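Chains as they are written, first to last, in numbering that gives the first Met the number 0: chain A, 0 to 448; chain B, 0 to 448.
Honestly, the hints are just simulated from the structure, not real lab data.
Check before you lean on any hint, since a few could be wrong.
Copies of the same chain look alike in the list, so a pair counts if it works inside one copy or between any two.
Once the Cα atoms are required to be at most 25 Å apart in a straight line, the calculated DSS-like pairs of lysine-lysine come out as [stated by the list, open to error]:
1) LYS373 <-> LYS288
2) LYS109 <-> LYS91
3) LYS108 <-> LYS373
4) LYS109 <-> LYS373
Everything numeric in this text was worked out from a predicted model, so none of it was measured.
Number of protein chains: 2
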Amino acid sequence: MKKWNVRAEIISVGTELLLGDIVNTDAAFLARELAALGISCYYQSVVGDNPTRLRGMLEAACVRSELVILTGGLGPTADDLTKETAAVVMGKTLCLHEESYARIRDVLKKRGLTESENQIKQAMLPPDAEVFANDYGTAPGFAMETEIDGRNVTMILMPGPPRELEPMFAEKVRPYLSMRSGEVFYSLNIGIYGIGEAIVGQILRDRMEEARNPTIAPYCGEGEVRLRLTARGESEEICRALCLETAEQIRLVPCTPYREGILDDYIFGIDTPSMQATLVSMLARRSMKVTTAESCTGGMIAKRITDVPGASAVFEGGFVTYADHTKISLLQVREETVLQHSVYSAEAVREMAFGAMRAVLADCAIAVSGVAGKEDLVCTANGKPLTVDAGCVYIACAVGNECRTECVTFAPGRRNALEAREYVRSRASAHALAMLIGMLKHRCGTETE
Amino acid sequence: MKKWNVRAEIISVGTELLLGDIVNTDAAFLARELAALGISCYYQSVVGDNPTRLRGMLEAACVRSELVILTGGLGPTADDLTKETAAVVMGKTLCLHEESYARIRDVLKKRGLTESENQIKQAMLPPDAEVFANDYGTAPGFAMETEIDGRNVTMILMPGPPRELEPMFAEKVRPYLSMRSGEVFYSLNIGIYGIGEAIVGQILRDRMEEARNPTIAPYCGEGEVRLRLTARGESEEICRALCLETAEQIRLVPCTPYREGILDDYIFGIDTPSMQATLVSMLARRSMKVTTAESCTGGMIAKRITDVPGASAVFEGGFVTYADHTKISLLQVREETVLQHSVYSAEAVREMAFGAMRAVLADCAIAVSGVAGKEDLVCTANGKPLTVDAGCVYIACAVGNECRTECVTFAPGRRNALEAREYVRSRASAHALAMLIGMLKHRCGTETE
Numbered sequence: 000m001k002k003w004n005v006r007a008e009i010i011s012v013g014t015e016l017l018l019g020d021i022v023n024t025d026a027a028f029l030a031r032e033l034a035a036l037g038i039s040c041y042y043q044s045v046v047g048d049n050p051t052r053l054r055g056m057l058e059a060a061c062v063r064s065e066l067v068i069l070t071g072g073l074g075p076t077a078d079d080l081t082k083e084t085a086a087v088v089m090g091k092t093l094c095l096h097e098e099s100y101a102r103i104r105d106v107l108k109k110r111g112l113t114e115s116e117n118q119i120k121q122a123m124l125p126p127d128a129e130v131f132a133n134d135y136g137t138a139p140g141f142a143m144e145t146e147i148d149g150r151n152v153t154m155i156l157m158p159g160p161p162r163e164l165e166p167m168f169a170e171k172v173r174p175y176l177s178m179r180s181g182e183v184f185y186s187l188n189i190g191i192y193g194i195g196e197a198i199v200g201q202i203l204r205d206r207m208e209e210a211r212n213p214t215i216a217p218y219c220g221e222g223e224v225r226l227r228l229t230a231r232g233e234s235e236e237i238c239r240a241l242c243l244e245t246a247e248q249i250r251l252v253p254c255t256p257y258r259e260g261i262l263d264d265y266i267f268g269i270d271t272p273s274m275q276a277t278l279v280s281m282l283a284r285r286s287m288k289v290t291t292a293e294s295c296t297g298g299m300i301a302k303r304i305t306d307v308p309g310a311s312a313v314f315e316g317g318f319v320t321y322a323d324h325t326k327i328s329l330l331q332v333r334e335e336t337v338l339q340h341s342v343y344s345a346e347a348v349r350e351m352a353f354g355a356m357r358a359v360l361a362d363c364a365i366a367v368s369g370v371a372g373k374e375d376l377v378c379t380a381n382g383k384p385l386t387v388d389a390g391c392v393y394i395a396c397a398v399g400n401e402c403r404t405e406c407v408t409f410a411p412g413r414r415n416a417l418e419a420r421e422y423v424r425s426r427a428s429a430h431a432l433a434m435l436i437g438m439l440k441h442r443c444g445t446e447t448e
Numbered sequence: 000m001k002k003w004n005v006r007a008e009i010i011s012v013g014t015e016l017l018l019g020d021i022v023n024t025d026a027a028f029l030a031r032e033l034a035a036l037g038i039s040c041y042y043q044s045v046v047g048d049n050p051t052r053l054r055g056m057l058e059a060a061c062v063r064s065e066l067v068i069l070t071g072g073l074g075p076t077a078d079d080l081t082k083e084t085a086a087v088v089m090g091k092t093l094c095l096h097e098e099s100y101a102r103i104r105d106v107l108k109k110r111g112l113t114e115s116e117n118q119i120k121q122a123m124l125p126p127d128a129e130v131f132a133n134d135y136g137t138a139p140g141f142a143m144e145t146e147i148d149g150r151n152v153t154m155i156l157m158p159g160p161p162r163e164l165e166p167m168f169a170e171k172v173r174p175y176l177s178m179r180s181g182e183v184f185y186s187l188n189i190g191i192y193g194i195g196e197a198i199v200g201q202i203l204r205d206r207m208e209e210a211r212n213p214t215i216a217p218y219c220g221e222g223e224v225r226l227r228l229t230a231r232g233e234s235e236e237i238c239r240a241l242c243l244e245t246a247e248q249i250r251l252v253p254c255t256p257y258r259e260g261i262l263d264d265y266i267f268g269i270d271t272p273s274m275q276a277t278l279v280s281m282l283a284r285r286s287m288k289v290t291t292a293e294s295c296t297g298g299m300i301a302k303r304i305t306d307v308p309g310a311s312a313v314f315e316g317g318f319v320t321y322a323d324h325t326k327i328s329l330l331q332v333r334e335e336t337v338l339q340h341s342v343y344s345a346e347a348v349r350e351m352a353f354g355a356m357r358a359v360l361a362d363c364a365i366a367v368s369g370v371a372g373k374e375d376l377v378c379t380a381n382g383k384p385l386t387v388d389a390g391c392v393y394i395a396c397a398v399g400n401e402c403r404t405e406c407v408t409f410a411p412g413r414r415n416a417l418e419a420r421e422y423v424r425s426r427a428s429a430h431a432l433a434m435l436i437g438m439l440k441h442r443c444g445t446e447t448e
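Chain A on its own, in the form it takes in the complex (with noise of 0.2 Å):
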């Protein structure tokens, strides 16, 4: 299949940039969409709102590279210089471009401010741009073409504002890349919990080499693991069927000698956004409601579930139990147990659980009760102290009469107190959410939106 062959660059303008004042962000976005489209990039810039600096930067770029891709800058007060300086690099003159500046109006028309004299700026472009219109801001993105040194460059700019930039680029700028080079692209993600990241490479790694459309990349995320499968063809249906199929293929894949089973078992959905929108979708197909009991969570797991719009179809109430007495008072956590075993032990979350179920009438529920912190706990069971290990985490899920409970201990190693607490705690609500997920599925198979 033929390629689009350039070597692209990102350059993000912006002195908030280099003062540190907000993180690059837009570099990273660009440099994945750019990934995924198959085409290079093998350099990154940030500069401040100067333009003989600037004009360096991008005289170096259109030497090095065909395809270069400016950030910021597009602004309509007099220190935004990015596109006067690009036009001059490029050997363009602006002109005013009726329908950006109509647009312009109406958008500070709707936002009720009236026109700046400075507003006019931002609709001049190349007479000979291929302009992306902005539907969240005012000033447009545009690709501008030329030849240099006998070599074809091509510049794109779109504005600074990740919330202006990213819709930009999935709606106009992608289909415009897709367009110069011929193909169309598609990805679908599988989302994996429960197997890192270096085992998932060891066990499909034949399949990731040999793998030429669709491409499979693995993504590291917060205790799960994404694959990325990339398609290119003639239309997206095309591609979606690709993707599929290798889909498939990969949930098949026995885990052996690393894991018992097969990948699928680990799966928690295919082109779902996060594991909570996984486990709200699941519960809503079944018209079940879910609770949570929380204790060293504090509240994340219910924070997560109700991220999702729509959780409320799903979600009524939940505890955050912090206290010994408040899982009694609130949960009907029995006093002996406590007594007995702790509130870290598989029977305290297992009455967590199906007291918060209980209260506010629920189908199935997470609890978790363990030590956040860096340094190990003592506390007193049958009467005897009782050291409970730093990071040591019990977590129970239940459905209907069904409980599962599981001890896992996530190490915060080398953290220091504050990110060990953190890095305990959201490891836990993930471990806990893929629980819940993998019980379901068993009743109602993997997710795919």
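Position chain B relative to chain A; hints supplied.
Below, chain B without anything else, positioned relative to chain A:
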């Protein structure tokens, strides 16, 4: 006061950055730190693990900057070539640094790993380097100097993982840079809530422009503004005293004509890491317990409170009451209240707050109910349909018998559904924490750590 007059630039090495697999938080961290040290940084770049391209970039950097800071590519494998390439450009040879080698072997031993052939590579350093030991990994950092075209150029190399880089910078590189510049730097943060960055900028404009020591710079966070005072001087004590003196003056600045009162009315803490940390510390000092009753924030406030180490001293339990009936059954909100005013009312959140306090015997409470989505919501009050605006949130804070309620609309604007949800929820959480801090401040004054 004299100033170390260098132009700095930051170069990050790593193919994973070029592919967008990770976001370059190192560059933002270093940029912020350099700015605080008064060192001007004009360029940031990213290049892959490719010695030819890295060499070209380093040669260009040594011409335009006197301080070049490199991160990443210090690992033990053959494709980690940052150090080797930098040494060539700086005209240095690498020799075994015995102390670093002993440390590496020690770290590996503690982790139960055997030394690989390549490990010795990490201990090869220029003989005249200033070595920065790595307390969180194997690769040491270092600084080397040389004369290039009659200019003194310093290159600093540090490992890429933030967990290794950040403490190495804070504990070793920052003092080294302070020493080079012949001064000590000290920063103090002032946390402000309830007044935007633009207005803070207006109120303090003259003061910020005139400030020389300490300098005053505003940073915008999630619904909060941070003022960073940075003093330079002979010792940390002198610098801290200068910062505290300026902080005292800033507190008393009137907010007119933009807002009522003085800036202190909007300051939630001085040198506290977060609003939740301020709240936990205020409550701990007064031996008070807090509880939460959350509807649209769905556990976010409990999560934020329990993010703080030591939260268990002030937080014993909280409720996520997402559905109307759980507000009634768990928090004893009266059915008449819901029928008459709906759950989106000052009356409902007031009853939620007091209900939660009674249920877990807390001294104060935060209760929240509102519409997190992007769409207006229609519910019933007094038997008639009632439209609640998207982003409209009712918040109650109770301390003892006193209860304040507020209705705030966090307009989600042009965000998509998921972003709007996240925005409204996180802003409402911040607002609720600030409200309770405000009520407690009248009892125990502003927090200074």
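Right, here's what the structure says about each hint:
{"no.": "1", "hint": "LYS373 <-> LYS288", "in the structure": "between (34 Å within a copy, 24 Å between copies)"}
{"no.": "2", "hint": "LYS109 <-> LYS91", "in the structure": "neither (32 Å within a copy, 62 Å between copies)"}
{"no.": "3", "hint": "LYS108 <-> LYS373", "in the structure": "between (55 Å within a copy, 21 Å between copies)"}
{"no.": "4", "hint": "LYS109 <-> LYS373", "in the structure": "between (52 Å within a copy, 18 Å between copies)"}
Checked against the numbered hints above, the structure breaks only hint 2 and satisfies the rest.
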